[in-house]
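Asker: Please take these sequences and the hints and turn them into a complete structure.
Protein chains: 2
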Amino acid sequence: MMRMVVGVQIIADLYGIDPEMISKTDRVYGIIEDAVRAGMLTKISSDYYQFQPRGVSGIVLLAESHLAFHTWPEHGLVTLDIYTCGDPKGADLSFEYIIEKMRPTNVEFKKITRGNLITEEVRVTPPENMILQ
Amino acid sequence: MMRMVVGVQIIADLYGIDPEMISKTDRVYGIIEDAVRAGMLTKISSDYYQFQPRGVSGIVLLAESHLAFHTWPEHGLVTLDIYTCGDPKGADLSFEYIIEKMRPTNVEFKKITRGNLITEEVRVTPPENMILQ
Numbered sequence: 001m002m003r004m005v006v007g008v009q010i011i012a013d014l015y016g017i018d019p020e021m022i023s024k025t026d027r028v029y030g031i032i033e034d035a036v037r038a039g040m041l042t043k044i045s046s047d048y049y050q051f052q053p054r055g056v057s058g059i060v061l062l063a064e065s066h067l068a069f070h071t072w073p074e075h076g077l078v079t080l081d082i083y084t085c086g087d088p089k090g091a092d093l094s095f096e097y098i099i100e101k102m103r104p105t106n107v108e109f110k111k112i113t114r115g116n117l118i119t120e121e122v123r124v125t126p127p128e129n130m131i132l133q
Numbered sequence: 001m002m003r004m005v006v007g008v009q010i011i012a013d014l015y016g017i018d019p020e021m022i023s024k025t026d027r028v029y030g031i032i033e034d035a036v037r038a039g040m041l042t043k044i045s046s047d048y049y050q051f052q053p054r055g056v057s058g059i060v061l062l063a064e065s066h067l068a069f070h071t072w073p074e075h076g077l078v079t080l081d082i083y084t085c086g087d088p089k090g091a092d093l094s095f096e097y098i099i100e101k102m103r104p105t106n107v108e109f110k111k112i113t114r115g116n117l118i119t120e121e122v123r124v125t126p127p128e129n130m131i132l133q
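First to last, the sequence lines map onto chains P and F.
Number 23 in this note's numbering belongs to position 23 of the first sequence; there are no gaps in the numbering.
Number 6 in this note's numbering belongs to position 6 of the second sequence; there are no gaps in the numbering.
Honestly, I wouldn't trust all of these hints.
Just so you know, same-sequence chains aren't split out, so a pair can sit in one copy or run between any two.
Once the Cα atoms are required to be at most 25 Å apart in a straight line, the calculated DSS-like pairs of lysine-lysine come out as [as the list claims (entries may be wrong)]:
#	residue 1	residue 2
1	Lys89	Lys101
2	Lys111	Lys24
3	Lys24	Lys89
4	Lys43	Lys89
5	Lys24	Lys101
Just so you know, these hints were derived from the structure itself, not from any lab.
Answerer: Spelled out as structure tokens, the structure:
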């Protein structure tokens, strides 16, 4: 069994977001697409789904892997995965962009490597204290 | 900050897969789409991307969240995420189906809950010893 790092994945739960911000696709869409650009990631395709009466899911297929999110407006919650096999800084920049725009009161996240899954880092922190680099 | 479980995510690295099995979209596509059905998950949409000369990425947007995978034929590696906010058994069944079809020699996986990210279970095991339930 060959184990080697092929990519980095940020797995994050964002809490305390204004429900209005994450209820409808039209508002979330712009944040996510801009986050992909902020991370200098290469979009292949993206798809979004509007739940009724509110809530959004979306996935972005990247040349570098993927970004996926799901919103629970009733809990002020967004769960987010950003996975890149390119420069890990790209995932950090996308993540920071989403936090800046969605303004969660709290963020819990792990950063894991893929291809050797055991290594990881876990942080629970309010976003203002979160420094990724 | 309200923390509550909204879903379960399997994060898995599958090693030792025959490179031919995971080089081209046409072969991987059937396994993934059938895995979604095996888990009784509800597909909203799916998209696959063929890398040159080989390697495939794919994402399936589910009513229950998402499934995403990326293949590295040169390493015999598939990284896989299956995330469901429905019955957790659906993720297990999809995962087991993919393992059965791709026949990795080794599997490393975590099962985490979303909405309270800290709880998790990690297993490193050859697939024949892997019992999810």
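Asker: Hints first: check each against the structure and report whether it holds.
Answerer: Hint by hint, here is what the structure shows:
| no. | hint | in the structure |
| --- | --- | --- |
| 1 | Lys89 <-> Lys101 | within (18 Å within a copy, 35 Å between copies) |
| 2 | Lys111 <-> Lys24 | neither (28 Å within a copy, 29 Å between copies) |
| 3 | Lys24 <-> Lys89 | neither (29 Å within a copy, 29 Å between copies) |
| 4 | Lys43 <-> Lys89 | within (16 Å within a copy, 32 Å between copies) |
| 5 | Lys24 <-> Lys101 | within (15 Å within a copy, 38 Å between copies) |
When each numbered hint is compared with the structure, violations occur for hints 2, 3.
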